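Peer 1: Sequence:
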Amino acid sequence: VNEGVFRVMGGLLSKTSPEHFITKTPSGNIGIRGSMYAGQLKGSQLSVMFEGGKGITLRNATGMIEISTPGFGSSVSGPNTPIKPHPKTRRERRPPNELFQQ
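Per the numbering used here, residue 364 is the first one in the sequence shown, and the count goes up by one each step.
The reader is advised that the hints may include incorrect statements.
Straight-line C-alpha distance at most 35 Å; calculated DSBU-like pairs for lysine-lysine [what the hints assert, rightly or not]:
#1 K447 / K417
#2 K447 / K387
#3 K405 / K417
#4 K405 / K387
#5 K417 / K387
#6 K447 / K405
Distance windows between CB atoms, simulated [said to hold, decoys possible]:
#7 P450 / R422: 17 to 23 Å
#8 S407 / H449: 16 to 22 Å
#9 P448 / V364: 26 to 32 Å
#10 A424 / R453: 19 to 25 Å
#11 N443 / M372: 16 to 22 Å
#12 T425 / R453: 17 to 23 Å
#13 I385 / R453: 15 to 21 Å
#14 Q408 / P450: 17 to 23 Å
Hints listed in this document are in silico derivations from the structure and should not be mistaken for laboratory results.
Remember, it's a predicted structure, so these values are computed and weren't measured experimentally.
Backbone N, C-alpha and C fix where the C-beta goes; we use that ideal spot for every residue, glycine too.
The whole structure should be built from the sequences, with the hints applied where relevant.
Peer 2: Encoded structure:
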C-alpha cells in the first residue's frame, strides 16, 4: 500500500500460510493471523487498527509488536519511528469507510 485507506480480512491464505500474508507500506509491514484490520497511509504516516480475530503483527526498522485486542492499533510516522500499541478512540473505531475521512 502506497497511499490511502485499506481494510484487510484474512481468509484461507492467512489460515494456511500466514507468513506469506503481509501488507507492505513505506512505514512498516503488517502481518495477519486470521484477522481483520483497517488502516490508512498518508505520506509516511501509517495508522492501523485491529478489528478482530487472532491478531496482527506490525514491524519496521525499529522492531515488532503484536496486537490481539480489538480496538487497539498503532500510528507510525515513518519507517524509523518506534511502533507502540495504543487503544483507538471511539471516533477511530468507526467503520473503515468512515474511519479516516476528514
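Peer 1: Now tell me, hint by hint, if it's right for this structure.
Peer 2: Results of checking the hints against the structure:
As the CA atoms of K447 and K417 are separated by approximately 19 Å, the hinted pair is consistent with the 35 Å bound. A C-alpha spacing of about 18 Å is found between K447 and K387, which places the hinted pair at or below 35 Å, so the restraint holds. Distance hint between K405 and K417 is fulfilled; the C-alpha atoms sit about 27 Å from each other, no more than 35 Å. Proposed proximity of K405 and K387 is supported: the alpha carbons are some 14 Å apart, at most 35 Å.
Taking the CA atoms of K417 and K387, the gap is about 20 Å. The hint holds against a cut of 35 Å. Proximity of K447 to K405 is assessed by CA-CA distance (about 18 Å); at most 35 Å being required, the pair is judged to hold. Judged by the Cβ atoms, the range 17 to 23 Å given for P450 and R422 holds: they are separated by roughly 21 Å. At roughly 19 Å, the beta-carbon separation of S407 and H449 lies within the given 16 to 22 Å, and the hint holds.
Distance hint check: the CB atoms of P448 and V364 are about 20 Å apart, inconsistent with the given range 26 to 32 Å. A C-beta distance of roughly 32 Å is found between A424 and R453, which places it outside the suggested range of 19 to 25 Å. Between N443 and M372 the CB atoms are about 30 Å apart, so this pair departs from the stated range of 16 to 22 Å. Distance hint check: the CB atoms of T425 and R453 are about 29 Å apart, inconsistent with the given range 17 to 23 Å.
A beta carbon spacing of about 29 Å between I385 and R453 contradicts the range 15 to 21 Å that was offered as a hint. Checked against the given bound of 17 to 23 Å, the beta carbons of Q408 and P450, roughly 19 Å apart, stay inside it.
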